[in-house]
Amino acid sequence: MTGLILKTERLLLRDFVNRMTTCDVHNHASARVLTKIGMRQDGTLRHDALLRDGTWRDHFVFGILTDEWQAIR
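Numbering of the sequence shown is given in the numbering used here, commencing with residue -18 and proceeding in unit increments.
The set of hints was computed from the structure by calculation and includes no laboratory data. It should be emphasised that the depicted structure is a prediction, and the values quoted were computed from it without experimental measurement. For every residue, glycine included, the Cβ atom is placed at its ideal position computed from N, Cα and C. Among the hints, erroneous ones may be present.
Each pair of labels, with its calculated beta carbon distance range [said to hold, decoys possible]: (1) Gln22 / Ala52: 37 to 45 Å; (2) Ala52 / Leu31: 35 to 43 Å; (3) Thr2 / Gln51: 17 to 25 Å; (4) Arg38 / Met1: 16 to 24 Å; (5) Asp48 / His7: 30 to 38 Å; (6) Asp34 / Arg0: 30 to 38 Å; (7) Arg0 / Gly35: 31 to 39 Å; (8) Gln51 / Arg13: 19 to 27 Å; (9) Thr36 / His9: 14 to 22 Å; (10) Thr2 / Asp48: 14 to 22 Å; (11) Gly35 / His9: 18 to 26 Å; (12) Trp37 / His9: 18 to 26 Å; (13) Gln51 / Arg27: 28 to 36 Å.
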């Protein structure tokens, strides 16, 4: 794993309990990192963020359960 992925893993999963996070649907790099650390894409939040220019953005929802995390560690 790259250093960025390891740092992300530590920040997101420190003192681990069931965890959920989101990322912009256009941010493919973030989605890839979340997948690499074992999280699963659970859905999409449509029109989740209103940008300054008045457009709406969707977000992917990623999650991992405690037992899933323990199984891959």
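Verification of the supplied hints:
The given range of 37 to 45 Å is broken by Gln22 and Ala52, whose C-beta atoms sit roughly 18 Å from each other. The hint said 35 to 43 Å for the Cβ distance between Ala52 and Leu31, and at roughly 38 Å that hint holds. For Thr2 paired with Gln51, a C-beta distance near 18 Å keeps the hint of 17 to 25 Å intact. The beta-carbon spacing between Arg38 and Met1, approximately 18 Å, falls within the hinted interval of 16 to 24 Å.
The hint said 30 to 38 Å for the Cβ distance between Asp48 and His7, and at roughly 32 Å that hint holds. Checked against the hint of 30 to 38 Å, the pair Asp34 and Arg0 passes, with Cβ atoms roughly 31 Å apart. The supplied range of 31 to 39 Å is met by Arg0 and Gly35, whose beta-carbon atoms lie about 32 Å from each other. The hinted window of 19 to 27 Å between Gln51 and Arg13 holds, with their beta carbons roughly 23 Å apart.
The hinted range of 14 to 22 Å is satisfied by Thr36 and His9, whose Cβ atoms lie roughly 19 Å apart. For the pair Thr2 and Asp48, the beta carbons lie near 18 Å from each other, so the given range of 14 to 22 Å is met. At roughly 24 Å, the beta carbons of Gly35 and His9 sit within the given window of 18 to 26 Å. Checked against the hint of 18 to 26 Å, the pair Trp37 and His9 passes, with Cβ atoms roughly 19 Å apart.
Distance hint check for Gln51 and Arg27: the Cβ-Cβ separation is about 32 Å, which falls inside the suggested range of 28 to 36 Å.
In summary, the structure is inconsistent with hint 1 from the numbered list given earlier, while agreeing with all the others.
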